[in-house]
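Given the sequences, and given the hints that come with them, work out the whole structure.
The primary structure of each chain is shown beneath.
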Amino acid sequence: MSQATIPLPKAMTAQDPAAAAANARKRKRFSRAFYWLCVAIASVSVVVLAVLLVSIGVQGHSRLSSDLIQHSHSELEPEQSGMRPAVIGSLFVCVCCATAALPLGIGTAIFLEEFKPKSKVLRLLHSFIQLNIANLAGVPSIVFGLLGLSVFVHMFGVFGTIQVNKPSGWELFGVEHYYQLLSLEPGQTILVPQTVVNQTTIKIDGPVEGIDADGNSFMIQTWDRKSGPKPDTREARMRTIKAGAVGGSYSKHAWYYFRLPFGKSFLAAGLTLSLVILPVIIIASQEALRSVSPSLREASLGLGATQWQTTRDVSLPAALPGIMTGAILAMGRAIGEAAPVLVVLGAAVAKNTGPENLMDSVVTMPVLIFNWAGRPQDVYQQLAAAAIIVLLVVLLALNSVAIYVRQKVQSP
Amino acid sequence: MPPTQPLGLPRALQKREFRSTSAGEFRERCVVVFLAACGLTTVLITAGIMVMLITQSWNFFSSEFVSPREFLTGSEWTALQSKDLKDAKFGIWPLLSGTLRVTVIAMVIALPLGLITAIYLSEFASPRIRSVLKPTLEIIAGIPTVVLGYFAILVISPSLQWLTAGAFDTFNATSAGIAVGILCLPMVCSLSEDAMRAVPSALREGAYGLGCTPFETSVKVVVPAALSGIVSAFLLAFSRAIGETMVVALAAGTRATATLDPRQQSQTMTGFIVEMIKSENEYGTVQYFSLYAVAITLFTITFGMTLLGQMIRRRYQESYQ
Amino acid sequence: MKFQAPTIVFCGLVSLALLIGCDSKPKPAVKAVEDGDASSPASTLVGAIKIDGSSTVQPISDAIREAFIKIHPGVTVTVGGEGTGTGFKEFYAKATDISDASRPIQPGELEKVNAAGFEFLELPIAYDGLTIAINPENDWVKTFSVDQLKKIFAADNPAKTWKDVDASWPNQEIKIFSPGTGSGTYDYFREVTAGKGAMRGDMSLNEDDNVLVQGVAGNKYSIGFFGVAYYTQNAKILKAVPIINPEVGEPFLPTTENIASGKYAPFSRPLFIYINTESLKRAEVQTFVEYYLENVSSLCADGKVDYVQLPDDLFARTIENFDNMTTGTHFVDAEGNQRSGAFADLFTSENLQSK
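Chains as they are written, first to last, in the working numbering: chain A, 1 to 412; chain B, 1001 to 1321; chain C, 2001 to 2355.
Listed next, the in silico DSBU-like pairs over lysine-lysine satisfying Cα-Cα at most 30 angstroms (straight line):
| id | chain 1 | residue 1 | chain 2 | residue 2 |
| --- | --- | --- | --- | --- |
| 1 | B | Lys-1086 | C | Lys-2112 |
| 2 | C | Lys-2112 | C | Lys-2196 |
| 3 | A | Lys-166 | C | Lys-2070 |
| 4 | C | Lys-2263 | C | Lys-2304 |
| 5 | A | Lys-26 | B | Lys-1220 |
| 6 | C | Lys-2220 | C | Lys-2142 |
| 7 | C | Lys-2112 | B | Lys-1089 |
| 8 | C | Lys-2160 | C | Lys-2220 |
| 9 | C | Lys-2163 | B | Lys-1083 |
| 10 | B | Lys-1086 | C | Lys-2160 |
| 11 | C | Lys-2150 | B | Lys-1083 |
| 12 | C | Lys-2151 | C | Lys-2239 |
| 13 | C | Lys-2150 | B | Lys-1086 |
| 14 | B | Lys-1089 | C | Lys-2150 |
| 15 | C | Lys-2163 | C | Lys-2220 |
| 16 | B | Lys-1134 | A | Lys-28 |
| 17 | B | Lys-1083 | C | Lys-2220 |
| 18 | C | Lys-2150 | C | Lys-2160 |
Derived CB-CB ranges, DEER-like:
| id | chain 1 | residue 1 | chain 2 | residue 2 | range |
| --- | --- | --- | --- | --- | --- |
| 19 | A | Ala-50 | C | Glu-2257 | 48 to 54 angstroms |
| 20 | B | Arg-1029 | A | His-61 | 55 to 61 angstroms |
| 21 | C | Gly-2303 | A | Phe-218 | 44 to 50 angstroms |
| 22 | B | Ala-1047 | C | Ser-2298 | 55 to 61 angstroms |
| 23 | A | Gly-206 | B | Leu-1085 | 52 to 58 angstroms |
| 24 | B | Trp-1058 | A | Ser-65 | 48 to 54 angstroms |
| 25 | B | Ala-1047 | C | Lys-2163 | 52 to 58 angstroms |
Since the hints were derived computationally from the structure, they do not count as laboratory data. By construction, the Cβ of each residue, glycine as well, lies at the ideal position given by its N, Cα and C atoms.
Given below as structure tokens:
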């Protein structure tokens, strides 16, 4: 067949070159316009971030001082308010969260990536776990908060409820029970070790052994109006109480005080947050493990190492920077998360110290910001902005560590 | 990312004495069991959530004043307002519509902005611009939501009121929606960008070779090729917006309204849960347990969204090998 | 391998942080005593006190707490503001030592307390004027009568717009901000405006009075009510409405004098603390309540908290009840019905109903 017999496609013959050129110009113009639209819209995010940072900076700069991180929240003198307990509290919650979430998350990732199943049932289990993790990643954090409330705070009521005036729940260790008595010296108290469990008060009629604030034990003297004047030295008054005085129970908690249920404690908050960030850690660790070159693994296996030895000594070290980056970013998420903590601990912010034992309650930075931001007074609005600046600086520091780790690995 | 640095001989191989003993095998087995237990814990968490939600919301649904039909179709929600159980109305629609209003506004902002920014990043941006834009988006993604809530009441809501001469309520769906949109933007952007970068450059080159303009290449070739990834990014952002709590707790108001007016207050499902928890309104009453009914609705919706997203990704994912 | 070291270091750091952090708690001032300084010995009082209840009383308890823990640093005081109803619920579940209340205990709650098997002290501590606040740009409302408030707040046929309340007012929707149903403020307001009936359902409720203030300050057509303290702190961005006293027929603003003299009726009310007598056996609770009663009136008088101190004769009865440990309530009669009437008439020893 000769070429001449094939007619040119109609589209090519019927086209007016001028129209085609005009069309091309139009399309080019359109494309150019689209390009500038892209530039404009892409810069929106930069503008938004700038507006956000500037407005918060303007609002909060006047409250940025060392007072902010040295004082605690104050109702009487809002100007003196600070966020020291919140900073410490966030740190504690975060550490607790990391200790729970990291082993669990990395373990799951290793299980999913390194121990590929051979049987069909196991393969099904694997893909089920995988799907489940994807779903967990989409669960709203407040639902995790509700879970934490049932599981950690109340423990389904299995161990009873927390009450005042008597030991409640299952106190496992770290607690000593005393009776506290007021001595004749104002403001000075005497502790009497509790001997009978569940007897919440004690009435002192005769001499009993007690201990003072320094831990020295001595015999408590009693005094009443009939027996003459009060002892005249301060030391004696500190060791004397009114005859017939009643002492109420006081529980001294060591830092490792442990009780079930956890109640509104930082442990409960940390564990709840660990549920929130668990999917994030798993997914990041999986990515990191997946990017380890298979040849390394194969070499190790080929040389006779077992699967776990290969994982422990080859894959995991190679994936560690990626896992660390993911873990640090997840920690950032945990520090900034407010909703689950709000559900678990409530919105109270009046606390002057960080947690003093495992069962102590805690204030975290986002909850404090939430509380301050909800108040109409200017002082608190400024404080909220200043606290936000502190929080953002902390997060930024965390992120730069993550970026540093990543870059250190990427460029030899 | 494969480490470019040579790793040296793995430690396991440096050990001279490498023996396979029965104790070693036992240890190996223990490790596998431990790792499997870790994996199963995640399943346990999901199961725990479901058990908790179902048992707790049973306290709500088993009340004689509550009917599941009214719950699903009723247009009044007064769990917080009605002290008397007889007067209380439990219809989820005001909360659901409040959530949808905020979410729709958020999506109107996040989807186009996120998608176009992603197109720009993957198709046009020079490395220098990328090096500015990417960290910006990462920082926005890392901003705690309570901060965005504060931003909404500090900046967005007053500006809206100022622009419209006071037509907006102090707490309104729009300002919360905008803040949630800002929150979702980086997520939409980075997931869509990943999907678009996975499209092989041969496709782009082919399109350019046929005379396509950059616009036509990116919108008619690259975006369709990456569509499954983009759609699942949209769905993820959607479920994130539905589940967002702190922004709406601060900025959307506490009145459950069944209206389409975005200038009004709109309590969302998450906002209601926070408010109920905070007030601890009569712990143990039907009104209190209604929060679990709301939570189970929320959970069902987000669960469905993620499942759908997973399915779309698996089913329609184009692979170019 | 080179990555092994970071793992160990990291794990070590984590556990170390946990240990150090827990140990490095701020040392209680007990140590200060050891260092000498016998002239002003620091208190060795230790313990934990739990308070919850009305968010109206919370500022007083918070203020007392802050001053108290400066003197007794070993004592932990937690003050919640979940609302009077919730406060009582925790009180009879024995989860709190002290319950803040902006209304007297109700018969149902009293039954629960009796069932729980403990007794309590009922101590009035101050007066509060419930303030009805509007936006400062609102120029049409000059005074409110109780009937007008009924139209706005009661559930049957509530006014949708300002015009529905008074024909000369603008035809704009009323936006209402109210404290949550768990609060005594809500209960008290409901009693006055709706009697036994319900309040309307389409108000914005929030347990946090600060949020109500923001809501009212942010919109010209809004109205809200809360304790006078929240109004005084935000007087710049709010406007209080004078309320026409139904007996005198003249409007009065919620000022200190008007509240103390009873002219600001029917919206002035007493505030209470309820104390579990079992807890009162504990030295720290006893000291705290003593400190509370010693300082609450001066706190009010100095304007540290924006409430009105009780008249001397009434406050003397409060102190007398505390000193004699007279338990029971004045507001529920022997048949278990709520007494009604002016506070000063009810707060007498004849009315005291002990278990």
